[in-house]
Amino acid sequence: MMKNNRLFDIILIAIFFFGIGFWTSTYTTKKTPGWEYDEEIGEKVVPLLKKIDSLKAEIAELKKS
459 MMKNNRLFDI
469 ILIAIFFFGI
479 GFWTSTYTTK
489 KTPGWEYDEE
499 IGEKVVPLLK
509 KIDSLKAEIA
519 ELKKS
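Each residue of the sequence shown is one higher than the one before, starting from 459 at the first, in the working numbering.
Derived by calculation from the structure, the hints in this document are not laboratory data.
Honestly, I wouldn't trust all of these hints.
In silico DSS-like cross-links for lysine-lysine, where the CA-CA straight-line distance does not exceed 30 Å [as the list claims (entries may be wrong)]:
no., residue 1, residue 2
1, K509, K521
2, K508, K521
3, K508, K522
4, K509, K522
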């Protein structure tokens, strides 16, 4: 009975460390899927939001002229 319990604990610990490794490898790199690293701002941005901001700036310029 004790061996099954210990095996279960080892499996849970392995899953935990695998999850931590996966999380750090995907969310702390500049190559995170769906994100871009913007050199001007110096942080990660979503490309679609960046495009929306640039379009808003263009609309504001067109309204001024």
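For each hint, the structure was consulted:
Between K509 and K521 the CA atoms are separated by roughly 19 Å; this keeps the pair inside 30 Å, and the hint holds. A C-alpha spacing of about 20 Å is found between K508 and K521, which places the hinted pair at or below 30 Å, so the restraint holds. Between K508 and K522 the CA atoms are separated by roughly 22 Å; this keeps the pair inside 30 Å, and the hint holds. Using a Cα cut-off of 30 Å, the hinted pair K509 and K522 holds, with the two alpha carbons roughly 20 Å apart.
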